[in-house]
Amino acid sequence: MKKLVFAGGLMISLLAVSAFTPMRAADMTFERALNASKEPQNWLLHHGSFEGYRFSRLKDINTDTVKNLKPVFSVALGGFESGGRYKFGNLEGTPIVEDGIMYVTDGWGSVYAIDVSSGKKGVIKWKFDPGVDRPWAGDVACCGVNNRGVALWKDRVISIALDGRLFSLNKATGETVWERKVADPAIAETLTLAPLVIRDIGIVGVAGGEFGVRGWIDATDLNTGKQLWRTYTIPGAGDPGNETWKDGKERWKHGGGSVWETATYDAESDTFYQGIGNAGPDWDPEYRPGDNKWAASVLAISPNDGKIRWGYQYTPNDPFDFDEISEHPLINAKVNGEDRKLVVHAARNGFYYALDRANGSFVLGKQYVDQLNWTPGLDPKTGRPLNYNPATDVQEYAPGSHSSRAKPKNERLCPSHFGGKNWQPTAYNPELNLLFIPSVEGCNFLETVEQKDFVDQGGTIQPRERFAGGAQKTTERLYGSLKAVDPATGEIKSRLKLDYPNFAGALATAGNLVFLGQADGSFTAYDAKSLQELWSFNVGSGINAPAVSYSVNGKQYIAVLVGSRQSPFVTGMAPELKNTSTASMLYVFGL
Amino acid sequence: MAVLVAAVAFLLSGADATRAQAEFSAQDARAIEFGKEIFKVKANCQFCHKWDASGDTGYGGHALSLRKTALPPEQFAEVVRCGRLSTGMPFHDRLAYTDKRCFGVTREEVGKDLPPMGEFLSAREIDAVVRYLFAKAVGRGASTYEECVDFWGKETRQCEPMKK
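Going down the list, the sequences are from chains W and H. By the count of this note's numbering, the first sequence reaches residue 591 at its end, each step adding exactly one. By the count of this note's numbering, the second sequence reaches residue 164 at its end, each step adding exactly one.
These are computed hints drawn from the structure, not numbers from a lab. There may be inaccurate statements among the hints.
Unchecked claim - Simulated pairs of lysine-lysine, PhoX-like, Cα-Cα distance not exceeding 20 Å:
1. W/Lys473 with H/Lys112
2. W/Lys154 with W/Lys125
3. W/Lys67 with W/Lys555
4. W/Lys578 with H/Lys42
5. W/Lys529 with W/Lys59
6. W/Lys407 with W/Lys452
7. W/Lys529 with W/Lys497
8. H/Lys112 with W/Lys409
9. H/Lys68 with H/Lys36
10. W/Lys154 with W/Lys226
11. W/Lys181 with W/Lys226
12. H/Lys112 with W/Lys578
Modelling step: build the complete structure from the supplied sequences, incorporating the hints.
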C-alpha cells in the first residue's frame, strides 16, 4: 500500500512501502528536534522543546473553549505490578507524539506505541517489554518504580529500563535493534529519566543517590550502541571540585550526585544543562565535610565530549536532601534593563534561581515556596545561602532546620526534604513570559544516623544497602501550590493553593491555559494569568505525570498518564485518599 | 535440554520448599506464607524495615530491626495495629484511635503525635504477619542467602550478592 504522511498541513515525506512493511513516519532528525516548536501537532521532545518550556503552540483549546473539553478515549496500560521494595509500579512519563503515534512508558520500562490518529480510540500498535528483573532493580530504586519516557532518533525509539539498560527500538515494530547496559544495579545504579538525544548522541544519567552511587552522565553513540563518554558528577581525584570533599577518606567515591530527569539544551552554545542530585549520605553531612561538588548543582556540559563548562551549586554541604535534578529552562529576558540569556531553576530548596547560561554566574534568586526556614535568604551577589560559612567544612544552616550527630533530630524543615519542587517539571509560556511552578508545600522532620563506611572503604555497608545517614519523617500534612513567576524578577504574579503536594508537573499552552494533574485524580485547566480554575475532570486515580498537547487532522488533544498510587507520605496524612486504587491508564481529552 | 533443566530446577525448588516448610504444620505454613505476602506487598512493611526485617534508614524513616525486637508477639501485634506514637510507624487497625483501643488514647488525645495511617489489615492479616515475622525473622541473627531465596525466589539476581 502507499500512504501519504502529512504534518502540519505540509507533506513531509512520501513513503512507498510494500504490503508487508509497516507505515513509517518521518525520521526524527536533529533539525526537527531543534525546531520542535514548529511542529505543534507533535510533541517530539521530553520537555516539548530543548529549551525546556513544556509549551504547546496549539490554541484551539483555550480559555474560551476549554469548558467544552471532554475525555475522548483512554487506553489501559500495564506496569503497575509490584517488585523489589515497591508495591506498585508508577507512571511519571511524558508521552512523545509524532504524526498520530504516541510513545509512552510504564514504570517497568515497557514502551507502548499507540496509534491515536483516529481521535476516537488508541490502538496499541506494539509493546516492548524489557523484561526487568523486578526484585533486582526495584529493591535499589530509591523512590519508586519509575520511567519518565522515551526519545525519538531517526527511525528509532530510544528507551531505558530501571535495571540500567538503554534500548534502540525499531520505531515501526518495537523490535530491539541494540541494547546497552549503562547502569549496574549490582552497585545500586538504576535509570529512570527519559534519554536526551543531541545529534546522534544519547545522554542518560544514573539514579541511586540514597544507595551510595557516584553519580554520572553517560553518552552513547546511537549509531553503534557504544559508549562515547562518561562524566562523573562527583569529581575524581585531581579533578576540579574534588577538593570540596575534605574527609580525607575518598568518600567522594560514594558521594551521590545522581541524575534522574532530562536536561535542557542550548544549540547556540552547544551546551546542555543537567540538574544534579543530593550528596550521599543524605542526612549525615559530617560524614562528608566540604561543599561536596557537584551535588545539589547544575552542570553545563558539552555534548560531544562530556566536558564540564561550568557548574553552580545551590546548597553546599547539603544536609537536607535538596537534590536539584529537575529541569533548567533556558529563557532570554531583560533583567534590570539588560538582555540576559538565562538558565533558570525552581529549586527543591525553595528558591527560584536565574543564572547566566554562558558562565553560570548568579543573576537573581527569590523564594517561591510558602514556608522556608533553613536560611534567611540568598546572597544577592553569589546566590549562596546567607548563612553559608566558607570558613567551615560542615555547614550550619538555620538552627533546628537540619539534624546533626550532636542533635540527631531536627525541629522542623520547611520546605520539607521533598521540596519545593521535586522532579515534577515546570512549564513556561513565552508569550506571557510566565513560568509555572507546581510544588510541594509544607514541612517535615529529619534524623541523622551516623553513616558507616562501605566495605570497599573499610566499613560494613555492602553495595545495594541504603546509604542515607539518617531518615525523614513526614507526620504533618503536606499540600501543594501552583505559582506563576516572572522569570526576569522571580516575582510571583499569581498563586494557587492545592490540596495535595504536586508530583505531576505542568503543561502550558498558547490557549493561555495551564494543565495540572493531582493526587486525588483531578486533572485541571487553569487560566494562565489568574490561575483561576476553568475546567476539571476527575480521572479517578492519582496523577503523577505531566500532560502534553498534540493534534491529529487539525484537532487538538491533551494527553496525560494516569493512575499512580500515591506515596504513603501523601496518603498517610490525607484520609480521604486512603482507599484510592492504583491503575495504569492513558487519558486523552479533546473538544 | 532446556526443558529438562527447567523441569529439574522446578523439582528442586519444590523439594526445597517442602524441606523449609517441614518445620511447620501445613496450616502454620499457609499462615506464614500469607503473612509474608502482607509483609512484602499488601502492607509493604519491607519498604521501611527491609526484606529481612533488619531495619533501615532513608525514605522509609528510621525503621527498627524486627529481628532484634524484644517485644513478645502480643505487644508486637499491638504495634502493628496501633503504630508507634510520634514516629513514622503507621497504624494498621482501621479503628485505631477512634476509641481507646490503642494505648488507651484517642485521636484527639494524641494530637500531633498520631502515627500515619498504614494499609488497613484485618485481625487475621495482623495475626499472619506477626506469625510470619516470629517464624522467619525475630531472634535470628544476620540474614542468610537461604533466607533471601526463601523471600525472593530463585528467578532473580537479588540474592546473588549474599552467595558465599
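Hinted pair W/Lys407 and W/Lys452, Cα distance within 20 Å: Holds: W/Lys407 and W/Lys452 sit about 18 Å apart, inside 20 Å.
Between the alpha carbons of H/Lys112 and W/Lys578, is the straight-line distance 20 Å or under? holds (19 Å)
Taking only the CA atoms, is the gap from W/Lys529 to W/Lys497 under or equal to 20 Å? holds (15 Å)
Measure nothing beyond the straight line between the CA atoms of H/Lys68 and H/Lys36; if it is 20 Å or shorter, mark the hint as holding. Since the Cα atoms of H/Lys68 and H/Lys36 sit roughly 18 Å apart, the hinted pair holds (cutoff 20 Å).
Satisfaction of hint between W/Lys125 and W/Lys154, Cα-Cα up to 20 Å: With Cα atoms ~19 Å apart, W/Lys154 and W/Lys125 stay inside 20 Å; holds.
Against the 20 Å threshold, does the CA-CA distance of W/Lys67 and W/Lys555 hold or violate the hint? holds (16 Å)
Distance restraint between W/Lys154 and W/Lys226, which requires alpha-carbon spacing of 20 Å or less: Measuring from Cα to Cα gives roughly 17 Å; hence the hint holds.
Can you confirm whether the C-alpha distance between W/Lys181 and W/Lys226 stays at or below 20 Å? holds (10 Å)
Given the hinted pair W/Lys529 and W/Lys59, is their alpha-carbon gap at most 20 Å? The hint holds at about 15 Å.
When you check the alpha-carbon spacing of W/Lys578 and H/Lys42, does it fall within 20 Å? holds (14 Å)
Would you mind confirming whether the straight-line C-alpha gap from H/Lys112 to W/Lys409 stays at or under 20 Å? Between H/Lys112 and W/Lys409 the Cα gap is close to 17 Å, so the pair holds against 20 Å.
Keeping to a limit of 20 Å between CA atoms, is the pair of W/Lys473 and H/Lys112 held or broken? holds (13 Å)
Violation of the numbered hints given earlier is absent; every hint is satisfied by the structure.
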